[in-house]
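Heads up: the sequence lines are chains A and B, in that order. Sequential numbering of the first sequence, starting at 1, is according to my numbering. Sequential numbering of the second sequence, starting at 275, is according to my numbering.
Nothing false has been slipped in among the hints.
In the DSS-like style, the derived pairs of lysine-lysine whose C-alpha atoms are separated by at most 30 Å in a straight line are:
id, chain 1, residue 1, chain 2, residue 2
1, A, 61, B, 351
2, A, 189, A, 41
3, A, 115, A, 30
4, B, 460, B, 346
5, A, 203, A, 30
6, A, 61, B, 361
7, B, 351, A, 115
8, A, 175, A, 51
9, A, 51, A, 203
10, A, 115, B, 346
11, B, 277, B, 379
12, A, 175, A, 203
13, A, 125, A, 115
14, B, 361, A, 51
15, A, 41, A, 169
One-sided and incomplete, this derived list gives chain A residues near chain B with beta-carbon spacing under 10 Å:
id, residue
16, 64
17, 65
18, 67
19, 85
20, 86
21, 89
22, 90
23, 92
24, 93
25, 94
26, 96
27, 97
28, 100
No wet-lab data here; the hints were simulated from the structure. C-beta atoms are modelled at their ideal positions from N, C-alpha and C, and glycine is treated no differently.
The residues making up each chain are set out below.
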Amino acid sequence: MFRNQYDTDVTTWSPAGRLFQVEYAMEAVKQGSAAIGLRSKSHVVLACVNKANSELSSHQKKIFKVDDHIGVAIAGLTADGRVLSRYMRNECINYFYTYESQLPVGRLVVQLADKAQVCTQRSWKRPFGVGLLVGGLDESGAHLYYNCPSGNYFEYQAFAIGSRSQAAKTYLERKFESFMGSSRENLIKDALFALRETLQGEKLTSSVCTIAVVGIGEAFHILDQETVQALINEFEIAGEEAAAPDQAGVDEPPAAAAGDQAAPGDEGAAPMDM
Amino acid sequence: MTKQQANWSPYDNNGGTCVAIAGTDYCVIAADTRMSSGYNILTRDYSKIIQLVDTSVLASSGFQADVRALQKVLAAKHLQYQYQHNKQMSCPAMAQLLSNTLYYKRFFPYYAFNVLGGLDREGKGCVFTYDAVGSYERVGYSSQGSGSTLITPFLDNQLKSPGPLLLPARDAVTPLSESEAIDLVKTCFASATERDIYTGDKLEILILNASGTRVEYMELRKD
Chain A
1 MFRNQYDTDV TTWSPAGRLF QVEYAMEAVK QGSAAIGLRS KSHVVLACVN KANSELSSHQ
61 KKIFKVDDHI GVAIAGLTAD GRVLSRYMRN ECINYFYTYE SQLPVGRLVV QLADKAQVCT
121 QRSWKRPFGV GLLVGGLDES GAHLYYNCPS GNYFEYQAFA IGSRSQAAKT YLERKFESFM
181 GSSRENLIKD ALFALRETLQ GEKLTSSVCT IAVVGIGEAF HILDQETVQA LINEFEIAGE
241 EAAAPDQAGV DEPPAAAAGD QAAPGDEGAA PMDM
Chain B
275 MTKQQANWSP YDNNGGTCVA IAGTDYCVIA ADTRMSSGYN ILTRDYSKII QLVDTSVLAS
335 SGFQADVRAL QKVLAAKHLQ YQYQHNKQMS CPAMAQLLSN TLYYKRFFPY YAFNVLGGLD
395 REGKGCVFTY DAVGSYERVG YSSQGSGSTL ITPFLDNQLK SPGPLLLPAR DAVTPLSESE
455 AIDLVKTCFA SATERDIYTG DKLEILILNA SGTRVEYMEL RKD
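The following block holds chain A by itself, in its conformation from the complex (with noise of 0.2 Å):
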C-alpha cells in the first residue's frame, strides 16, 4: 500500500521496516538471465546461459575469472558486475601482492558484501543490480557463495539465480545431498542438467551455456564450447532430440579432458580464455 511512497530513495525506510530500493534492486537479478552455482568437496561448478539479444550479436560475458582458485557467475546489471568483478581481481592481486599467498574465498565475500551495504546507505548512490556465484577453492575447501545486492552472503552447497531459477532449484534440492562426494564429471553434470530446467523445453547446446571449473588442482577456468557439447551428448542431456550414440559415450571422457588441456593452446594469443 505504501511502496510507491517509500521507494525514491535508498535512505527512506518504509512503515514495515524495508528498503524498497535495495528490493528493487534484487529484482533486476531476478530478470537476468540464469546462474548456477555447485559444489562437491573438491570442486566447484559455475554454469550460466548465454542469451544474445538477436541473431547478429555476441552474448554477454557472464562468468569471470577473479583469481586461479575463485570465479564468479552474476546475474543482473552485468555491467555491475564486470565492475564488481574487477574489484574482487584487484583484490586479489593486492592480497597476493602482500602475503603471497591466495586470498581466502570467504574473506573476498565479506569484502564484497561490504561494498555492495555502502551503496544501500548512502542518498547518493545507488545498490549493485547484479547477484554473484562466487566459486572458489582455499585452505579449507571448496566454497561457493552467493553475494546479493543487500549487502548479505551465504554460503551454499548449490544455488541458483536469475529468471527461471527456480526451476533448477527445485532440481538442484533433490540432488544436493550427494553433491559433496560427487565427482567431477558428475557434478558438471548436475550443473548442465540444472541448466537444462531453466531453459524450459528449449534445446542445451554448448551455444547457449557457459560452463567453468575451479578445483583441487585445477585452475579456474571456462570450459570450451567443444568440451561442454561432447559433455553435454555424452550425458544425454539435449532434451528435445536424442543426443550422441552409445559407443561414442566411451570415447568422450578422455577427448572431453584432453579438450580442457588444449583449450588455452592458441598460437600467438595466450591462455587467458575468461
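Add chain B to chain A, keeping to what the hints say.
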C-alpha cells in the same frame, strides 16, 4: 657548520652479475647465485632471475630487496594486463612496462640493474638492458652488475656487430647457435668469477626458445 650527513643508507649492494644473449630463435639469460653484503657472503644460492611470462625473463643485480619488490610489482601488473587484454604480454611490451615502472620511482629509485631477455612476437630473441631509472635499449647482448665491466668487453669482442652504417645490413642478434651461446656465457662467468669477488658460487642459465624454457646450472669458484 658542515652539512648534516645521513648515518644510514636505505640501499645495500648485494653484488652479482647478469648476462643475456639474443639469438635468431632463442635467448639465453644467466646470472650467478651469490648474494653478498660488503665483504661477506649472505648466501651462495639465491636466484636473481624470474620468469615473468613464457617469453620474458628478468635478471637483476643490485639491491635484492628492491629487486624482489620490482619483480612482485611487474608480476601484479602482468596479471592486470592479462585480465584487460585476454593475452600475455609480449617481451617488448614487458620491456616498456619495466622502463615505466623504474621511472615511476625516479626520485627514490629501485637499486636494480636489469637485463630483460626473451622472444619477441616473431619468435626472435631479444635482450633489453636498463639503468636504475628506466633508460633502456634493445640490444643483441648485455651484461649488468659487479662483473659487467669484465664481461662486456669480452662480449663485444665475440659478438659485436660491425655497426648500423655498414652494408649489407646485419642483424643485431648473434648468428651463434644456442649451444655456442650457452658455452660463451659459461666462459664469461668462469672468467668474471676469477677477478670479481662478488661473482661466483653457482651459475644459473635460463634458455628460452620455441619449445619452452630450460634451466642449466654450472658450479663456479666459491672463493
